[in-house]
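Enquirer: Take a look at the letters that make up each chain.
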Amino acid sequence: MKFDFILHWLWAIVFSILALSGIAMAGAKYGWVMQYDIATADIVHRLAAVVYVLLTLIIIIYEMIRILRRDKTKKPWLVFGPSGYGLFTFITTLIFIVTGAMIWLFMDSSHAVTAFALWIHDKLTYLAVASVIWHIYMKSHALKWPKKKAQKGR
Amino acid sequence: MWMKKNRFKLMVWMVTTSFFFAFAAILISMFRYGPTEQETMSFMMGMMKAMETSLMGLSMQVKEDANVQWLVYESVQFALPLLAISIAGGVYVRCRRKV
Chain B
1 MKFDFILHWL WAIVFSILAL SGIAMAGAKY GWVMQYDIAT ADIVHRLAAV
51 VYVLLTLIII IYEMIRILRR DKTKKPWLVF GPSGYGLFTF ITTLIFIVTG
101 AMIWLFMDSS HAVTAFALWI HDKLTYLAVA SVIWHIYMKS HALKWPKKKA
151 QKGR
Chain V
1 MWMKKNRFKL MVWMVTTSFF FAFAAILISM FRYGPTEQET MSFMMGMMKA
51 METSLMGLSM QVKEDANVQW LVYESVQFAL PLLAISIAGG VYVRCRRKV
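Protein chains in written order, with full-length UniProt numbering: chain B, 1 to 154; chain V, 1 to 99.
Derived from the structure by calculation, the hints contain no laboratory data. Computed from a prediction, not measured in an experiment: that's the story for all the values here. Even for Gly, the Cβ is constructed at its ideal location relative to N, Cα and C. Watch out, some of these pointers could steer you wrong.
Below, a list of computed lysine-lysine pairs in the BS3-like style, where the Cα atoms sit at most 25 Å apart [what the hints assert, rightly or not]:
#1 9/V to 74/B
#2 2/B to 75/B
#3 5/V to 144/B
#4 74/B to 63/V
Facing chain V, a subset of chain B residues (Cβ under 7 Å, in silico) [unchecked claim]:
#5 23
#6 33
#7 36
#8 38
#9 133
#10 136
#11 138
#12 142
Make the full structure from the sequences, and use the hints.
Expert: Printed below as a string of structure tokens:
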């Protein structure tokens, strides 16, 4: 199995967990997503965020190794890219990480920083989830269920 | 081909469906009435519980621990030069190799 393929789907799973646990914490209107169990949502969100940052580092290191080796082979499953949706994902990921770190670090010390970072984190989530839906639509051929092989004897 | 195997397709369907659920949850929450008083109370109680029992509470304890704070400070002292070297190395490689 290809490394970029594994990274892509690990990324998708972790982002899905982050989106669902994050939505539950977005406000009283959204709490029903996780039955108002904010404590669990918080733990899940923070643990998934650590994996998310690690995956980001792995992908960046993988890209750097490819540059050093002058590897120009196409990696269709790679999460980040120099243009298109790969670039959008890269930029949004960096903003998610920076604002997430700001929320985590300044939650108790600076309400202004936390509020600003939360606003960006929150609005970017809606944009990112909508873009993922678009991404799924564009790559919907991956959803096609494999056809059964022709029965013997026909 | 391994990508056309049923178990792979099943995973694709499950992961993609979760995004549709997330999107639907956002839309439903945005455009519905409320929140009611009961929902607000449930949310606030959930937040209070998170403050006590989750990593949020743990991170607050870390902030009060002088030893951990010293460790974080020392780590940052190491991390910042490493980060600067990494960025400089990346820029050098990017410019030099012209990939």
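Enquirer: Evaluate each hint against the coordinates.
Expert: Comparing the hints with the structure gives:
no.: 1; hint: 9/V to 74/B; result: 23 Å, holds
no.: 2; hint: 2/B to 75/B; result: 9 Å, holds
no.: 3; hint: 5/V to 144/B; result: 11 Å, holds
no.: 4; hint: 74/B to 63/V; result: 46 Å, violated
no.: 5; hint: 23; result: 6 Å, holds
no.: 6; hint: 33; result: 5 Å, holds
no.: 7; hint: 36; result: 4 Å, holds
no.: 8; hint: 38; result: 3 Å, holds
no.: 9; hint: 133; result: 5 Å, holds
no.: 10; hint: 136; result: 5 Å, holds
no.: 11; hint: 138; result: 12 Å, violated
no.: 12; hint: 142; result: 5 Å, holds
The structure fails to meet hints 4, 11 from the earlier list, while all remaining hints are met.
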